[in-house]
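S.K.: From just these sequences and the hints, can you work out the full model?
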Amino acid sequence: MNNLTVEAIELTRLYGGREAVSNVSFSVKQGEVLGFLGPNGAGKSTTMKMLTGNLAPSAGSVKICGIDMIENPKEAKALIGYLPEMRPLYKEFTVDEYLTIAARLHRVSSKHIKKAVENAKERCGLGHMSKRLIENLSNGYQQRVGIAQAIIHSPTVVILDEPTVGLDPIQIRDIRALIREIGGQHSVILSTHILPEVEMVCDHVQIIDKGKLVFNGGIDVLKRQRIGNKLLIGFNKTPTVEELLKIKGVTEAEIADNNMMRVRFAEGAAPHEAIVKAAVKNSWGLYQIAPDQTSLEDVFVQLTFHDAAAEAA
Amino acid sequence: MILNIARKELKSVFASPMGWIILALLMFAFGTYYLNGVNDYFEVMSGAIRPAERYGVTQFVGQNVYGLASFIMLFAVPLLSMRLISEERRSQTLPFLFSAPLSLTEIVLGKFIGLVAFLSILIVYIALMMFTLNIWTDIDFGYILANSLGLFMLVASFSALGLYFSSLTSQPVVAAILSFIALFALMILDRFFAGDPSNTMAKLSLMNHFQSFAGGLIDTADIVYFVLFIVTFLTLTIRRLDADRLRG
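So the sequence lines, in the order shown, correspond to chains A and L. When we follow this note's numbering, the leftmost residue of the first sequence carries the number 23, and every step to the right adds one. When we follow this note's numbering, the leftmost residue of the second sequence carries the number 11, and every step to the right adds one.
Treat the hints as calculated values from the structure; they're not laboratory data. Keep in mind the model is a prediction, meaning the values are calculated, not measured. Just so it is clear, CB atoms sit at the ideal spot from N, CA and C, and this is done for glycine as well. Heads up, some of the hints might be wrong.
List of simulated lysine-lysine pairs, DSSO-like, C-alpha gap at most 30 Å [stated by the list, open to error]: (1) Lys133(A) x Lys113(A); (2) Lys137(A) x Lys213(L); (3) Lys303(A) x Lys259(A); (4) Lys96(A) x Lys85(A); (5) Lys268(A) x Lys303(A); (6) Lys153(A) x Lys21(L); (7) Lys268(A) x Lys252(A); (8) Lys232(A) x Lys259(A); (9) Lys268(A) x Lys299(A); (10) Lys21(L) x Lys96(A); (11) Lys113(A) x Lys21(L); (12) Lys270(A) x Lys299(A); (13) Lys259(A) x Lys270(A); (14) Lys153(A) x Lys113(A); (15) Lys137(A) x Lys153(A); (16) Lys21(L) x Lys136(A); (17) Lys21(L) x Lys133(A); (18) Lys234(A) x Lys85(A).
To give an idea of the chain L side of the interface with chain A (calculated C-beta under 8 Å), a few residues [as the list claims (entries may be wrong)]: (19) Asn14; (20) Phe108; (21) Ser109; (22) Ser208.
Partial selection, computed: residues in chain L whose CB lies under 10 Å from chain A [to be verified]: (23) Lys21; (24) Ala25; (25) Gln102; (26) Leu107; (27) Val241.
M.R.: Structure representation (structure tokens):
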């Protein structure tokens, strides 16, 4: 058996004729953390609902460890831990009561329930909140209870819909560490708006826009795209664009902010030295040369914007 | 699994004062009627000269108490059933149940059994209260058992209908009002057809079928009616929840 834990095959979901998610296929391997990115209303939550069997896909199928979600929902659901966007907490219960119910409903055998609850509380830093009513917990702690509920039966696949919303920076760090830890043994799928978070915790990234998958690849691919073949150069005496284009390997040059020049070069070429030499020869007064890093935001905007442009055409 | 959900429902009824208050208030009402029944018994019976007009204390008090109980349940059940699903819809906790390894049938049955178990506490209390008459006279146990069974079937039917209306909306109050109206209509249906008791519409009335139990008669036809009623509404509820999954 292969070690694919989640397989989504051509998932499509229609809402009254409009495609909220169209033809999305991907797979997650064991021990992988998959980040789901996308602007609001892109179909992230809809996809997650379909993965967890909360929503029936209009077409396509979901397999969890090879078990079809539509044909054997009970077996497939037993392998999943899910934290929806809106935390499903019964506020009239205490943390302990709630987690016990969660463990029981997820078929943790009665002998192990106590241990499972303790374990989940410890991992989410809820130890001292056991006897508190969930209603009285702060937003961040409620979120932790939500996460504890999703991992209580040590599922093979953990699906978290925006898990770090409403947490303070320290809690976010803890939760990220926790996600990494879970990702070691199990598979994690998480959606988020926060791009650095994806860089920190995910092995694999998917960007979804208007229901379509626009990027699907390893985090290193995204990082490479981020660094790109660009240089940001600062001159005291700015040369003209034509002068720069004469240098071997330079394909594009433009004036950027603060009297800097942005230079794009061909894949594989390394014009750095040639530029420095030219600068010295023509006394352009070079004071800075550095690779131009596009922020992840820019990559994200690029990817989602391209799609919109293609659609308009 | 079904029982685990039922347990969760029972726990949540008792987690708020709601459950305790309803139990206390209803028992107070039934207790009052029971006392009144016992007090009035001699007065009424001494007025009845001919032996044919006289009947047992079990029936006299039982009529009082069970008549009130069937009427009060009409209000109490919608109040309790309203939150079963619509509250979960409103606070968005349904995904918790949907993503657990449970079938929709298990979820619906669990919720139904949870509510019926809570209401059964009342039925058992009433029966125990009636049994205390046995301390100073011989009572008709069969009559009380038939009435208890009838009340149980009636309450279970109310709960099934209430559960269905609760699955229709995300506003618990709307669910309560809808199920109250529906139950009330079904209760008094036979009044509209009083002139023609053989009418099919009259046969649909819940009260009509409770009457034979109230008289101490366990009729399988009535039991079948209640069971069918419950199965119908539970099936409708399951279908409604399934539609959620399909339509989103």
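S.K.: Could you run down the list of hints and mark each one as holding or not?
M.R.: Hint by hint, here is what the structure shows:
| no. | hint | in the structure |
| --- | --- | --- |
| 1 | Lys133(A) x Lys113(A) | holds (26 Å) |
| 2 | Lys137(A) x Lys213(L) | violated (55 Å) |
| 3 | Lys303(A) x Lys259(A) | holds (13 Å) |
| 4 | Lys96(A) x Lys85(A) | holds (12 Å) |
| 5 | Lys268(A) x Lys303(A) | holds (14 Å) |
| 6 | Lys153(A) x Lys21(L) | holds (16 Å) |
| 7 | Lys268(A) x Lys252(A) | holds (16 Å) |
| 8 | Lys232(A) x Lys259(A) | violated (46 Å) |
| 9 | Lys268(A) x Lys299(A) | holds (13 Å) |
| 10 | Lys21(L) x Lys96(A) | holds (25 Å) |
| 11 | Lys113(A) x Lys21(L) | holds (12 Å) |
| 12 | Lys270(A) x Lys299(A) | holds (12 Å) |
| 13 | Lys259(A) x Lys270(A) | holds (21 Å) |
| 14 | Lys153(A) x Lys113(A) | holds (13 Å) |
| 15 | Lys137(A) x Lys153(A) | holds (16 Å) |
| 16 | Lys21(L) x Lys136(A) | holds (18 Å) |
| 17 | Lys21(L) x Lys133(A) | holds (21 Å) |
| 18 | Lys234(A) x Lys85(A) | holds (20 Å) |
| 19 | Asn14 | holds (5 Å) |
| 20 | Phe108 | holds (5 Å) |
| 21 | Ser109 | holds (4 Å) |
| 22 | Ser208 | violated (46 Å) |
| 23 | Lys21 | holds (7 Å) |
| 24 | Ala25 | holds (4 Å) |
| 25 | Gln102 | holds (4 Å) |
| 26 | Leu107 | holds (7 Å) |
| 27 | Val241 | violated (22 Å) |
Hint compliance for this structure: hints 2, 8, 22, 27 are broken, all remaining hints hold.
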